[in-house]
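In the order they appear, the protein sequences are chains A and Z. Position 305, counted from 1, in the first sequence is what numbering that gives the first Met the number 0 calls 304; the numbers after and before it change by one each time, with no gaps. Position 276, counted from 1, in the second sequence is what numbering that gives the first Met the number 0 calls 275; the numbers after and before it change by one each time, with no gaps.
Treat the hints loosely; a few may be bogus.
[What the hints assert, rightly or not] DEER-style ranges, computed between Cβ atoms:
hint : chain 1 : residue 1 : chain 2 : residue 2 : range
1    : Z       : Arg-206   : A       : Leu-127   : 51 to 61 Å
2    : A       : His-156   : Z       : Tyr-158   : 34 to 44 Å
3    : A       : Asp-142   : Z       : Arg-206   : 45 to 55 Å
4    : A       : Glu-271   : Z       : Ser-71    : 39 to 49 Å
Simulated from the structure, these hints should not be mistaken for laboratory data. Every residue, glycine too, gets a C-beta built ideally from N, C-alpha and C.
Given next are the chains, with one letter for each unit.
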Amino acid sequence: MAKGDPLLEVSHLVKRFPIKEGLLFDREVAAVHAVDDVSLTLHEGETLGLVGESGCGKSTLCRAIIQLLTPTSGSVKYRGKELVGLSRKDLQPVRRDIQMIFQDPYASLNPRKRVGQIIGDPLSLHGLASGSQLRREVQQLMDRVGLQPEHYNRFPHEFSGGQRQRIGIARALALRPRLIIADEPVSALDVSIQAQIINLLDDLQDEFDLSYIFVAHDLGVVRHVSDRIAVMYLGKIVERSPAAVLYERPIHPYSVALLSAVPIPDPRVEAERKPLVLEGDVPSPVNPPPACRFHTRCPWATEICSQDEPPLAEYESGQAAACHHPRNVDSQMIAGATVAVDSPASASDVLPSQTEREPAVTR
Amino acid sequence: MNPSARPNPEPLLSVEDMRVRFATEDGVVHAVDGVSFDLRPGEILGIVGESGSGKSVTAQTLMGLTRSPNASISGSVRFHGTDLVTASEEQLQSIRGREISMVFQDPMTSLNPVYRVGAQIIEQIEAHKEIGDDEAKERAVELLASVGIPNAKERVDNYPYEFSGGMRQRAMIAMALALEPRILIADEPTTALDVTIQAQIMALIQRLNEERGLAVILITHDLGVIAEVADRVLVMYAGQIVEEGSLDDIFYDPQHPYTWGLLGSLTRLDQPPPDRLPQIGGQPPSLLAPPGGCRFRPRCPHAFEKCTELPALEERLPAANSHADRCWLEPSEKREKREVEGRIGLGAPA
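For reference, chain Z alone in the conformation it holds in the complex (with noise of 0.2 Å):
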């Protein structure tokens, strides 16, 4: 992406205070708890956070997919003047796909089996043009081509069995970009593949982003990931947003426990192993009674008495373009306590 082009770009996707709870057996889970951020054109913006954290449902919410009768949903999601929220099912239906789609984490189970591959592309272009059959299949193979299946032209007609893995994903990615959407949202795409199948496929995503200017929401547990395609970050923590910040900011100059520990506890094998593996003590919270406060704090080893009231979201720095936090330590105490054997960790549990 190249910021200077664009210095005030209008935001493509804009989501204010959004919130989603399920009702369950056990009782009212908040799955999202109050998020709100913008998708600016072009860009690939990187949502980590671990399971339970509350990253896909906000995924799945922007398609509507998360509406269900035991589902209520609160707040905005403006696209093009549209709010997806309260947007009409025939509304959402001409969205999805032509101007925002989806690719999975598990290729296995999103390929219906019993269909060709390219019987499933052409299906959803032919539901969304007036397009001939012949036509369909040749774009069908075109854009198989495009996302680096070999012999494209055979490999049309293979059934979902006869792909690997990284191909199954691949062909996900084909279908996700038959209609030339703007947006494409990747949630977890490489968790289920092999390391060396899964740089395949951040290359892949990498190179849409720059021909095509493809927007990307890439939703992954792994910062690893994050540092090599992400413009901006969102670091969620148990349905709430807990930084926000470019790229530089979020591992250079990060301002939340949380991700101080996130960045700690990764393994970097261009450096030497420290003795012992820095860990987030503790369990993530329950989403059913999530903790009072600051939504860390329970594992937090900096807590202190403030920290029982939820700090917002906002930005702390006195220099910060758009790097927020929800952490009530002063910034000079952050850089001193962010600091842990020579680099940034969460140190040891109080």
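Chain A with its partners taken away, still in its complex shape (with noise of 0.2 Å):
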């Protein structure tokens, strides 16, 4: 397959946990809209990185993707091939090519297993290796993320951290994926440790031919991953976008706020800076506001923001934003704005031309 064909296609995907009551007859009463109608595509090679708060999604549109939840609705597509209502036995070669890492390198490993089986389990498990060959290539791969090859024998407890993830890394590695989902893989870690793991996974990118989705909470981290990045809010995406110009331009008025609460290390331009402080919390997503989500913490929000679904727009600049009052775009990107293909189903048509200019509302 050539690079730049989509490896992974998600279109529309749903998925709802449902909120039982009743005794005798479990009667749904609501349900968590924790994915809501979302589309991303993954080229082969590329990594793509997704932003959100806790709640927004994210990591349950990551279960959903390798099929460890089973989506509501919507279809998973990898290399063309459907996913979702695959039997187990089916999924089981996609499985070897997607793997995951988990942000937790504390509660992701077996406490009572020693660290070469945790990492040679997928290889038996898969028929792929067994007795002193495995025992080789299980070395190889600890010698590759960085860990001492005579720590074989050692159980996860005895390593700091960091090293537990580059252990979770040598796992996911283990198969030879195409795809590796890391699901906040150093949202645990210290900063001189995030960035040891960063370059790590970015050197492994090149030398293993992968392509990632990398999860993260904040735009810091996803920056030096990143090609492309979707901003989530309450189980929506929000805005994708070419990763540099995300930091040039957000779009989204919640990109705009994402940005604006990283602090600066410099205290000189901190001092300067008149942050965007984004009031209340993220509403609860049992019951998500109608319309645009971010309608009722948006500093630009007017009336049609709580009537009307944005759809996505798609820009020239390469950037999607579902918001009906754009920022940092001209009249002339306005303009030629349209409705993207994988807008999802339950927006308007509404582009940010044909809404009026009207001025903010001050909250």
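Both chains are sitting in their own frames, so use the hints and assemble them into the complex.
Laid out in structure tokens, this is it:
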């Protein structure tokens, strides 16, 4: 397959968790709208950064992609093959290709198993190696991720957080996957160690020809690794953009706020800066606000935002944002915007050019 | 803070050679190893360091929270004529909450889930003050409103689970402020929170500092947070302070290689990204057997023979105004070595 072909295509993926009540007959009284009509594409060799705060559905999305959770509706295609609805057995070969790295290096390793076994299990489960060959492969992997191969027989508790994350990476690499989904792989680590792990993932990408989906809760970490970034809020993608452009000209107000919330480690710059501090909290995904889900916290929201769900509008800069009042765009960009093909089904087709340029409502 | 108003302020809290050791099954952990610093009235003092650097143990020891049969604590913490290290439990009771209070990292586990939020604040007020139930409740509502809880009148009767993470942290701060303490110790107050909520909480702490003159010890691993609010900074590594100075000293004229490494590994969203993230090689040392000499030596690309001897925390610059560090390099060498690709950094590993 040539570089640039879609490796993964997620379209209109929905995952709801029903909330049930009743003694004899469970009846669905409400649902957590964890992922609500999300579409994204990942190309071979590419890294997609997926950013959003807790509860925005980013982890649920990852789990629904690799079918650890069954999607409520929508489709996930890996190399053109539909994954939704596949049996466990049929999923087996795909699982070899798509691996995951988890956030918490303390909780994602079995404390009773030795490191060699943790890393080697995927190989023996898939019948790829055994005996001395298995040991040799595991030790090569350990060496590659920066662990000492002599530590083959140690237990996870004998390692520090950063080293444990390296064990998790070695385990994910064991089956030579094509795609690695890294769910907040550095969030639990110290700053000086974060850089080590990100650089390691970066090197491995070239060496093993990997594609990544890299999940994070702020925009600082993903910048170094991502080619493209998708920003999620309350189960929806509010903006997707080539990485470099997003940091210069975020279009969606939520992206603006996320960027602004990362403090700049320079006191003089920080003293001059007027950060956009969002008011209030993320609303409950059980009962998300109607129309634009961000309108309850958005400083630029107007009447239309609570009445009409904005479509994902595609701009000529390669960005796409679901907002009636886009930021950092000029009249020419607004005029050229079109409704993206993967815009959610529930959204209208009212483009920013058709909304009145109303003054911001101050809250 | 306005430093000119207080030319030579008497420190509010003075820590002298604090050492905290814990006996564990594996041996003695030297968690804090000779830490001395002053907290001045009305200032925000930032303590930065990574996990295991001893920053939280330092803060907890100030409040007498590390006392246990297997802990050995020495040194002194002077606060208004009392030494908090040797003070009786009763003396500490009257200081905790009333004079010095603390906010912890995890607002989920610091509130009791089976009591209403208001009841927990009221309990604290009533424990220290002769005050009627109604009046205490009124005060609780007032406090919740002052930290930005909307509809505080109704919210006061909520249980913690009905609060979001950010609101719980606000409630913890309200509780910490209930008795109008002079010092607030905030131990990673925003680490468990989302970035947009983190910005709200830091703005709140800053407002309390400005409006009430509340002195704050802010413990964090994030130099970005420090740059936003702190007046002075202590950088800790492996149980010791490796550098101490004003905010400008630390960010624009850092003297210790570990500080360079920390500054270098930060992502700056206002600048184009470097090709490769600068990293500090190796792992933080075990505090069971810390390395001899300079603690940072095993990870420092600039180490030389003299580093096998532990440098004291002292002013090493000609015009240093309480800017001190633990590094043997000459100031001129430091200026040269910390320049990495046009910004401050640790440089490549040796």
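Here is how each hint holds up against the structure:
| no. | hint | verdict |
| --- | --- | --- |
| 1 | Z:Arg-206 with A:Leu-127: 51 to 61 Å | 59 Å, holds |
| 2 | A:His-156 with Z:Tyr-158: 34 to 44 Å | 36 Å, holds |
| 3 | A:Asp-142 with Z:Arg-206: 45 to 55 Å | 52 Å, holds |
| 4 | A:Glu-271 with Z:Ser-71: 39 to 49 Å | 47 Å, holds |
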